[in-house]
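There are 4 protein chains.
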Amino acid sequence: VQRRPVIAIVGSGTAAEAAVSNAHELGRLIAEQGWVLITGGRDAGVMKAANAGAKQAKESLTIGILPDASTEVSPGVDVAIVTGIGEARNNIIVLSADVVVASGVEDAGTTSEVALALKNGRPVILLGTTDAARQFFSDIGGDDVHIAVSPMQAIQLVSNCLKVRRKEEE
Amino acid sequence: VQRRPVIAIVGSGTAAEAAVSNAHELGRLIAEQGWVLITGGRDAGVMKAANAGAKQAKESLTIGILPDASTEVSPGVDVAIVTGIGEARNNIIVLSADVVVASGVEDAGTTSEVALALKNGRPVILLGTTDAARQFFSDIGGDDVHIAVSPMQAIQLVSNCLKVRRKEEE
Amino acid sequence: VQRRPVIAIVGSGTAAEAAVSNAHELGRLIAEQGWVLITGGRDAGVMKAANAGAKQAKESLTIGILPDASTEVSPGVDVAIVTGIGEARNNIIVLSADVVVASGVEDAGTTSEVALALKNGRPVILLGTTDAARQFFSDIGGDDVHIAVSPMQAIQLVSNCLKVRRKEEE
Amino acid sequence: VQRRPVIAIVGSGTAAEAAVSNAHELGRLIAEQGWVLITGGRDAGVMKAANAGAKQAKESLTIGILPDASTEVSPGVDVAIVTGIGEARNNIIVLSADVVVASGVEDAGTTSEVALALKNGRPVILLGTTDAARQFFSDIGGDDVHIAVSPMQAIQLVSNCLKVRRKEEE
Chain V
1 VQRRPVIAIV GSGTAAEAAV SNAHELGRLI AEQGWVLITG GRDAGVMKAA NAGAKQAKES
61 LTIGILPDAS TEVSPGVDVA IVTGIGEARN NIIVLSADVV VASGVEDAGT TSEVALALKN
121 GRPVILLGTT DAARQFFSDI GGDDVHIAVS PMQAIQLVSN CLKVRRKEEE
Chain C
1 VQRRPVIAIV GSGTAAEAAV SNAHELGRLI AEQGWVLITG GRDAGVMKAA NAGAKQAKES
61 LTIGILPDAS TEVSPGVDVA IVTGIGEARN NIIVLSADVV VASGVEDAGT TSEVALALKN
121 GRPVILLGTT DAARQFFSDI GGDDVHIAVS PMQAIQLVSN CLKVRRKEEE
Chain Y
1 VQRRPVIAIV GSGTAAEAAV SNAHELGRLI AEQGWVLITG GRDAGVMKAA NAGAKQAKES
61 LTIGILPDAS TEVSPGVDVA IVTGIGEARN NIIVLSADVV VASGVEDAGT TSEVALALKN
121 GRPVILLGTT DAARQFFSDI GGDDVHIAVS PMQAIQLVSN CLKVRRKEEE
Chain A
1 VQRRPVIAIV GSGTAAEAAV SNAHELGRLI AEQGWVLITG GRDAGVMKAA NAGAKQAKES
61 LTIGILPDAS TEVSPGVDVA IVTGIGEARN NIIVLSADVV VASGVEDAGT TSEVALALKN
121 GRPVILLGTT DAARQFFSDI GGDDVHIAVS PMQAIQLVSN CLKVRRKEEE
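Residue numbers (my numbering), protein chains in the order written: chain V, 1 to 170; chain C, 1 to 170; chain Y, 1 to 170; chain A, 1 to 170.
Hints should not be assumed to be uniformly reliable.
[To be verified] Capping the alpha-carbon separation at 30 Å, the derived lysine-lysine pairs in DSSO-like fashion look like this:
id, chain 1, residue 1, chain 2, residue 2
1, C, Lys167, V, Lys167
2, Y, Lys55, A, Lys55
3, C, Lys55, C, Lys163
4, V, Lys55, C, Lys58
5, Y, Lys163, A, Lys163
6, Y, Lys167, A, Lys167
7, C, Lys58, V, Lys58
8, A, Lys163, Y, Lys167
9, A, Lys55, Y, Lys167
10, Y, Lys58, A, Lys58
11, C, Lys55, V, Lys55
12, C, Lys167, V, Lys55
13, Y, Lys58, Y, Lys167
14, A, Lys58, Y, Lys55
15, A, Lys167, Y, Lys163
16, V, Lys163, C, Lys55
17, C, Lys163, V, Lys167
18, V, Lys58, C, Lys55
[Unchecked claim] One-sided and incomplete, this derived list gives chain V residues near chain A with beta-carbon spacing under 10 Å:
id, residue
19, Val1
20, Gln2
21, Pro5
22, Arg89
23, Gly109
If you are wondering where the hints come from, they were derived from the structure by calculation, not from laboratory data. A virtual CB, placed ideally from N, CA and C, is assigned to each residue, including glycine.
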């Protein structure tokens, strides 16, 4: 069985404008590739924008991994998974993704998502981060950390990572 | 936003033939209603049959909530959520569902799923259980426990429960 | 290294008087044996009574496995583990225990704890349950389910189970 | 009720010698203050050293929050909490601690622990980290991030943080 690839977009619920705008573009491009989009599902910042972007593409499928039953869900989420485990749900987002794209690493929640992705051996694409974040995660993550300068380049890097994963599974 | 209802089918990975056959029928009927099917995702017993049944319907969407990254996934699962939290993932299955249908309650795992559903206020439909299970869960769960004698009747009960939930949300 | 045995007492936060009184006695007896007591940690019902009982014994050590940071903690809990995973914390209680004692099985939460204990191969002692509960769990759990008629007999059964576990580990 | 403060030491299971040696000293000093030590519990690196250090003090109490039932436990752990939730257990370590001390931030697991601590509003003391880590976490965590140059200074900072927390609770 060949399931559709699952790509996570992570980022802050209170992200700066550039990160939100990038997330919207990333969401659309991911959905246009036929990949499933997975996010933290909240109706805020990067999550909201990524899901809204994805829903502009036909055949898009968006899964939101919510911290709790009381979380306000992004309208662009097709299926809401209610984990009830709070911030620990970040580990589920990255475990369920083939590749993780961070649109900015501006807060502690996103940092934990990138770190857990690397801990679990998932490739991470960093888009629009500070120099300090790039430096730190390159030290920690080595070859699993990739730097993109645009949403389009991020998609290209995701595509390369998927090819590598597919080869490893064969 | 009106998301598609999400219905869980729970049951044993080593279920008896009747429970497996009922799960297949339940999966198909749930998907034909346009509802999203959620299960524990494993390639065994009730889970496998429910997903296989659902995939016989056009427009079906099946989500598998897996205990761990090493779990063998049912071929009928469209999107695999890798929780990494083992049996605690049973709480995520029921929290994410509007209604939970148990096709047999033959083992401890299914018992925990029914119990966690009731703990979280989710209606539960029991199909094909022993007298002891029916008696026990009716004692514990009161009005949230419904008994079905066929997959078709289970679907009717799910439909009623969804109407009640929708009214409560208004 | 030989760590002190860890015994869980599970039961309802709104338990009937007999179950609460039994839990107090069980807590005291467990602590007097030098065993660590583990509970769901809440300041209610069986949990509160078990911890209060344990603290009557010198050298007692009580661990509370809390669902969330906002949970009111039983005063008899020495160390509070804040899981942040809600009801899924029931799986942590039973995984961390060598043996699980249920003082009544009166609600869905306790049912999930007994079920998860059996799913994970932990022996369970049932004290003061209904006939329906005894019948149902004996069907599901087989040899791992033991019936006690008094706190003192429950302790005797725990002691036997610990001997068996120790032999298996050798 | 005034429970003993709980202090977490986090760090890599494959840490460099300086981080391991600091963790041993930190563990001893924490236990000598009468504080409960909480760690990830594994028999490796910073975790093993911290627990070994703590057990040199009388009245020490060490809790290990294990990822899974198969984890090899540090001999210095008094009570092992088996979470069964893998890396998501990092969130439980920090939620259960009043203050978190990182002895080096050398890998992705430790990064996630520091990030989750900050996400949950726990003060973090960084000891023996790279310039890149200090820069990055100061950007992300603001006033909740404190830098220590020795185990003794770390303990002083923990003590200050505990006083602030106690005042906030009053």
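Quiz item: Looking back at the hints listed earlier, which ones does the structure fail to meet?
Solution: Hints 1, 5, 6, 8, 15, 17, 19, 20 and 21 are the ones this structure does not satisfy, whereas the remaining hints hold.
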